[in-house]
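S.K.: Here is how the chains run, residue by residue.
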Amino acid sequence: MGPVTAKFLGDLGARVVKVETQRRPDESRAFVPFRDGVSGFNRSLSFAHYNSSKYGICLNLNHPKGPEIFKRLVAWSDIVIETHRPGTMGRWGLQYEELKKVKPDIIMVSHTMQGQTGSMANQPVHGILFQAQLGFPHLTGWQDREPIVPPTPYSDFIAPFFVFVAIMAALDYRQRTGEGQFIDISQSEASLHFLAPVLLDYIVNGHGQSRIGNRDSFLCPHGVYRCQGEDRWCAISVVDDEEWKSFCRVLGYPKWKDDNRFATIWQRKRNEDELDKLIEEWTLNLTAEEVMKGMQAGGVAAGVVENGEDLLDKDPQLKYRHHFRELAHTEIGTYKCEVPPFRLSKTPIDITMPPPCLGEHTEYVCTKILGMSDDEFVKLSGEGVFG
Amino acid sequence: MSQQQGQTSKENMLAPYRVLDLTDDKGFLCGKLLADLGADVIKVEKPGGDKSRNTGPFYHNIPHPEKSLSWFAYNTGKRGITLNIESGDGQEIFRRLVEKADFVIESFPPGYMDGLGLGYSALSEINPRIIMTSITPFGQDGPYKDYRTSDLVSSAMGGLIYILGEPDRAPVRISSPQAYLFGGVGGAGASLVALWYRHIAGEGQHVDVSIQECVLWSTYYEIPYWGERKLYKRAGNWAPRMEIVYRALFPCRDGYINYRAYGGAMFGPGQANLVKAMDDEGMDVGNLKDVNWRERGIENTPQADIDHFEGKVRQYFKQHTKAELLELSMKWNFMLSPVNTVKDVVAYSQLEERGFWAEIEHPELKDTISYPGFYFKSSAVPQRVKKRAPLIGENNEEIYAQELGFSRQELAILKQNNVI
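Quick mapping for you: the protein sequence lines, in order, are chains V and F. Numbering-wise (the numbering used here), the first sequence opens with residue 1 and increments by one. Numbering-wise (the numbering used here), the second sequence opens with residue 1 and increments by one.
Calculated from the structure, these hints are not laboratory results. Treat the hints loosely; a few may be bogus.
Claimed, not checked - Below, computed lysine-lysine pairings styled on BS3-like, alpha-carbon distance capped at 25 angstroms:
| no. | chain 1 | residue 1 | chain 2 | residue 2 |
| --- | --- | --- | --- | --- |
| 1 | V | Lys293 | V | Lys314 |
| 2 | V | Lys101 | V | Lys368 |
| 3 | V | Lys314 | F | Lys145 |
| 4 | V | Lys293 | F | Lys145 |
| 5 | V | Lys65 | V | Lys379 |
| 6 | V | Lys100 | F | Lys145 |
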């Protein structure tokens, strides 16, 4: 859940040092897929995707000298981000109070599933499971079927955006006041803002919402329709009667458009199943791209249900905006990496640094950034501090 | 900084800054986050109020522009004025507001603000330090820039829904809108990056946020898989890993549990503990006790063994409720999560213990409502969600009369002419 935030900072020009150990590398180094299907800590495309623009060092914090070296890094840093279970940093003597002694205005961010306090703070859990505890699967899927658990750790990708906001606000605060701070951020508390209206609906109305497929409680038609080809789909939403007219025009004024069953939003809502069938009879004869372009030309919101290939290789918009940048990595070779989802007119993003191999920059960071002598580095290496 | 340069406040992180928030639901969360962080966010609505005030569900199910719960949820902490920026007088007033503002955030179609003479280049002439953040479905440029969207369409084009759902039905979205929220929180972060640059360079800039690209950040495996020319597909609650499939969802006595027999370094130790827990309750776990799960990742376990283990897990979960299983997972140190309903989430004790919920007064409803509260704890400046979303034109008097110095007479003229 941590790497995205620091990747954004790195892609924007900050110098980011990722701290791992040989014995316990970042877990996502073991995540599929691996380049050419050959596993290895430096071959995971999942890891690569979230760790561009970072230096990588190995530093064993369980070694007696590990925490001391870490503190030298802290003295050089502006921000420390960590995602260990609550209490872990303290056991190394690296809690905020200690880091502050080394760097009084340090900004330390502890990003955990449920925060530093409370009886569930130490629940043993990973994001791929934990999203269920926040209600996302309950609200995903079809009314007549069991909930769908997203195959990705969904809330792990909401929270980093919030962490990023917190860090940037803390940097501004430090700039103006000279003060750093400790930030205790809970993935639950950040991610639940993505369900705020649903929570309020329960709190004020006692109404517990559940999954409703692709329907919308207030709009119709509103669905994902099968198109020509294998597993190709187009999403369409019609927001009002005006758009319904446009929608019918795009479909070439089908006979059924004047049916009593579909003339008004009330009637369409009542006969939604039938309407969806009729729409799909039309979309089945067209490609998803044709449906999207036709609808958009007529002023109706519609879009291809994009898969990995669409996103990486086909979508002309993402291409135009250079959302993916090609990076060259020593073990992976070239691969396409995402940049942060915004462009700044005066400070364009230019990422050039591929994700680090495990321990790739240990020597560089120690000698060039921390200013260790070669002798000291060799001595510490020999003692296993960088293991 | 809008007020005296360098003035700071111990109360709020972004206290010195003013934000003019012209967004519709595509950008509400951006201004809300800045407001919760202490910025003075002024929501600028067209006379009569923003269209999204008509979005349900509503307070006590009464459809009314002052009772939309999504409006409530995503506009906390903001002040509110009405202003018709399509009229000449409205534009003049807006320019005066920009003189004293730090940020303008907007989510109109690309080119709309330029068309009104209120684009970034025009605003930066009035105030070179202004940061203008545009949150749009596909960004300011490119072949899709004028495309229309909805939550469903943005979720589709951002790649989120292709991976959700079951193979025998259409891909499916998350039933509560998500896409614009990624745009909103992405916009807030990007705006603050521009603020940081302003500290360094002394000038503002235009920030262009694409909702599609923000959503894309939530899709995870889809991109790395296609990096290996493999399509990552929806598989319901079955998860494929190499040649093996395993379940993610198991029924329990009062609902469902998200559990994965994943093994290996991350999940293995917990798996061994789960076997101990089953054994402790007298279940026949056979030789499962002897398996070294840490060494045994899902990819080197035969499918039959996975099925056998999952069968035992199913049997165990069936005997317990969600709450019991969560407690057992804490006691025995194994990993699972109950598939919580909305009611469960609201009742979840951890949130209460950490003081997550914010009690917000709604004097005109004679009610106090619990809101999702501020999302992090700061040692320097405790933040909180401070006040409810603005009513239509609630702060017109404050801004127009007290701050800009319009007389009653002038205000009446502006009102009559539908400017405010």
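S.K.: Would you mind marking each hint as holding or not holding in the structure?
M.R.: Structure-based check of each hint:
Between Lys293 (chain V) and Lys314 (chain V) the CA atoms are separated by roughly 15 angstroms; this keeps the pair inside 25 angstroms, and the hint holds. Taking the CA atoms of Lys101 (chain V) and Lys368 (chain V), the gap is near 23 angstroms; set against the 25 angstroms cutoff, the hint holds. Straight-line distance between C-alpha atoms of Lys314 (chain V) and Lys145 (chain F) comes to about 16 angstroms, which keeps the hinted pair within the 25 angstroms bound. With a C-alpha separation of about 13 angstroms, the suggested pairing of Lys293 (chain V) with Lys145 (chain F) holds against the 25 angstroms cut-off.
About 12 angstroms separates the Cα atoms of Lys65 (chain V) and Lys379 (chain V), which keeps this hinted pair within 25 angstroms; it holds. At roughly 47 angstroms between alpha-carbon atoms, Lys100 (chain V) and Lys145 (chain F) are farther apart than 25 angstroms, so this suggested pair is violated.
Comparing the model with each numbered hint stated earlier shows that hint 6 is the single one that does not hold.
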